[in-house]
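*Asks:* Protein chains in written order, with our numbering: chain Z, 1 to 177; chain R, 1 to 482.
Just so you know, these hints were derived from the structure itself, not from any lab.
Quick reminder that beta carbons are idealized off the backbone N, C-alpha and C, glycines included.
Treat the hints with care, as some may be off.
Computed Cβ-Cβ distance ranges for the label pairs, DEER-style [unchecked claim]: (1) Glu46/Z <-> Ser172/R: 38 to 44 Å; (2) Ser21/R <-> Ile64/Z: 41 to 47 Å; (3) Ile98/Z <-> Leu64/R: 34 to 40 Å; (4) Ile98/Z <-> Leu334/R: 28 to 34 Å.
Okay, the calculated bits of chain R under chain Z, using three or more residues with CB under 8 Å as the criterion [claimed, not checked]: (5) 16–26; (6) 173–186; (7) 192–203; (8) 208–214; (9) 223–229; (10) 440–450.
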Amino acid sequence: MESKLHGIMAEFDTPSDLVDAARKVRDAGYTKTDAFSPFPLHEIDEALGIKRSILPYLIFCGGITGLLSGIGLQYFVHVFDWPIIVGGRPHFSLPAFIPPAYELTILFSAFVAVFGMLFLNGLPAPYHPVFNVPRFALATREKFFLIIESKDEKYDYAETRSFMESLAPQEVFDVEE
Amino acid sequence: MKDDKELQKKLHPAMLEGDHSFASVTDKISDVTLKKRTPFHWFIGFGLAFMVAQLLLFSVMWLLANGIGVWGNNQPVGWAFDIINFVWWIGIGHAGTLISAILLLLNQKWRTSINRFAEAMTLFAVACAAMFPLLHTGRPWLAAYWLFPYPNTMGIWPNFRSPLIWDVFAVSTYATVSALFWYVGLIPDLATLRDRAKNKYFKFVYAALSWGWRGSARHWHRYEITYLILAGLSTPLVLSVHSIVSFDFSVSQVPGWHATIFPPYFVAGAVFAGFAMVLILCIPLRKWYRMQDFITHQHLVYMAKVMLATGLIVVYGYAMEAFFGWYSGAQYELFMVKNRIWEGPYWWSYWLLIFCNGISIQFLWFKRFRESEFWLFVISIIVSVGMWLERFVIIVTSLHRDFLPSSWAMYSPRVWDWTMFIGTIGFFFTLIYLFVRFVPIISIFEVRTLLPEANVHGHQQDFEENVNEVEYTYDRTDPPNE
Chain Z
1 MESKLHGIMA
11 EFDTPSDLVD
21 AARKVRDAGY
31 TKTDAFSPFP
41 LHEIDEALGI
51 KRSILPYLIF
61 CGGITGLLSG
71 IGLQYFVHVF
81 DWPIIVGGRP
91 HFSLPAFIPP
101 AYELTILFSA
111 FVAVFGMLFL
121 NGLPAPYHPV
131 FNVPRFALAT
141 REKFFLIIES
151 KDEKYDYAET
161 RSFMESLAPQ
171 EVFDVEE
Chain R
1 MKDDKELQKK
11 LHPAMLEGDH
21 SFASVTDKIS
31 DVTLKKRTPF
41 HWFIGFGLAF
51 MVAQLLLFSV
61 MWLLANGIGV
71 WGNNQPVGWA
81 FDIINFVWWI
91 GIGHAGTLIS
101 AILLLLNQKW
111 RTSINRFAEA
121 MTLFAVACAA
131 MFPLLHTGRP
141 WLAAYWLFPY
151 PNTMGIWPNF
161 RSPLIWDVFA
171 VSTYATVSAL
181 FWYVGLIPDL
191 ATLRDRAKNK
201 YFKFVYAALS
211 WGWRGSARHW
221 HRYEITYLIL
231 AGLSTPLVLS
241 VHSIVSFDFS
251 VSQVPGWHAT
261 IFPPYFVAGA
271 VFAGFAMVLI
281 LCIPLRKWYR
291 MQDFITHQHL
301 VYMAKVMLAT
311 GLIVVYGYAM
321 EAFFGWYSGA
331 QYELFMVKNR
341 IWEGPYWWSY
351 WLLIFCNGIS
361 IQFLWFKRFR
371 ESEFWLFVIS
381 IIVSVGMWLE
391 RFVIIVTSLH
401 RDFLPSSWAM
411 YSPRVWDWTM
421 FIGTIGFFFT
431 LIYLFVRFVP
441 IISIFEVRTL
451 LPEANVHGHQ
461 QDFEENVNEV
471 EYTYDRTDPP
481 NE
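Use the sequences and the hints to build the structure in full.
*Replies:* Here it is as structure tokens:
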């Protein structure tokens, strides 16, 4: 039975309880953990030891790609593929090329921001073991959950479960795989 | 807990009224979408809007069948209702982005309960706006290679030195980024609807749309980064979009268009018109759906103040336009000013504009008008009309008499100009009604963060200590440590 479990989950009523419990879980040496809340909690990153995401760097790269594509496209069109003089401007009229390149910078960054976030989060994920807990439906309404996954090195069913119960949760659940 | 609430009330002047918890906030907002019975007034409103939207369908059909000769624009007024309506609609959209992005960066908490439908308004307004230039091409199925640089068999490229192509890039980027921003904001709320829906089909649809969101701390961490960066990207975007729209005019040499004040003046005008539209939507919505707890009186007052401030910038723009016309010493510029304001046949549109945008907003200086929903609604409608007139004045009075008196002419719209414009209003409200029915109109997860319980207690203590200090020292409206 133990091997089939995804992990052990505890339910809390308030964000403060969740953050306190998360700190204890981290201090006890568990690493394969996660917390669930109905809104973003800034304190939980530190409490669970979540590292800053690389997402901003990816977005920056997306922006640079957009800028270069914008300039490159216009260079290709007006200098390389079909050079034509319009209004006496040089073939490579950089000031006029700024607005499209600027817009493409923003467009590419936004795409990376959104789809990069979803990709790094592993979404879309239509199925996840945590949804097996009926009470978990309240994680998008008012309740706060903390989980220690069974793949954690320190995980031991009896010990972890009693540790979870010591954190003063509302309830502790076994999460089936 | 009770003390906390009183404290919160003191610190945030009524950003959230009533006695709420995470659960009650969630239920109250999501019930509008999930409740079985759709209110009767929804059917009436939707039905009316949908009927008017048919006018658009018919006008477009007529236009495509007969060509743009069915419209009143003809040389020298080649740009008329289509571009007036384009600029009007796209300007309306700007308030949505201002609320969702700029106010987020400025840490203005009052944006929280109005950002969702302001963003929806942006999307729908941009959809209405985009139709006009596309249909103005007369043959929109060919517009793909006129507007977008894609390798076609004719080997033709658009001219990137033209502001019109800048416009294509600006507006399409704006529409895409606004849609992404709106959708990202919706994901956690769609997950809430998924978990609360009883009907299994709705549950399936919301589950699919929320991409399996489960509120994991790691997900929220990246989510917040994305949300903040999108706000950071949308801010220069929204300013650039209306600047580029104004380049359509100011890069040309037509007197009345060729002015350096255009970009800031257009951006302020856009926000001005947009806030008027937000108020027009917001005042009835909060009443019909009993959302006064979330969209409080204070929200309306703040919006009124933003409207007044941006309105004054616009009035400054009018003054500067006239001043530049005179100060330039150029014969054509001076003539344009005279022609626009008192000598020309369209003088009435200018003075109507001054009344709508200049005089009507002065009432907002007074608390009595600012705090009355009725007057705010009336002023917002007047401002919407005024901002439409502004584009009419800029476009028609500049074009109808330019350099060569022999090519002067009068412009008047025909019936198909009007039906198409009114049709887009119907289309806009149809979309708004659908949005109100199927999507939470207020961002639920962000409103949860406004509750005092949302503060983690370590911070709550700092917060209370600072509050005591604050009361003795100076009057601040925001908790210093957040």
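*Asks:* Identify every previously stated hint that the structure contradicts and give their numbers, smallest first.
*Replies:* none
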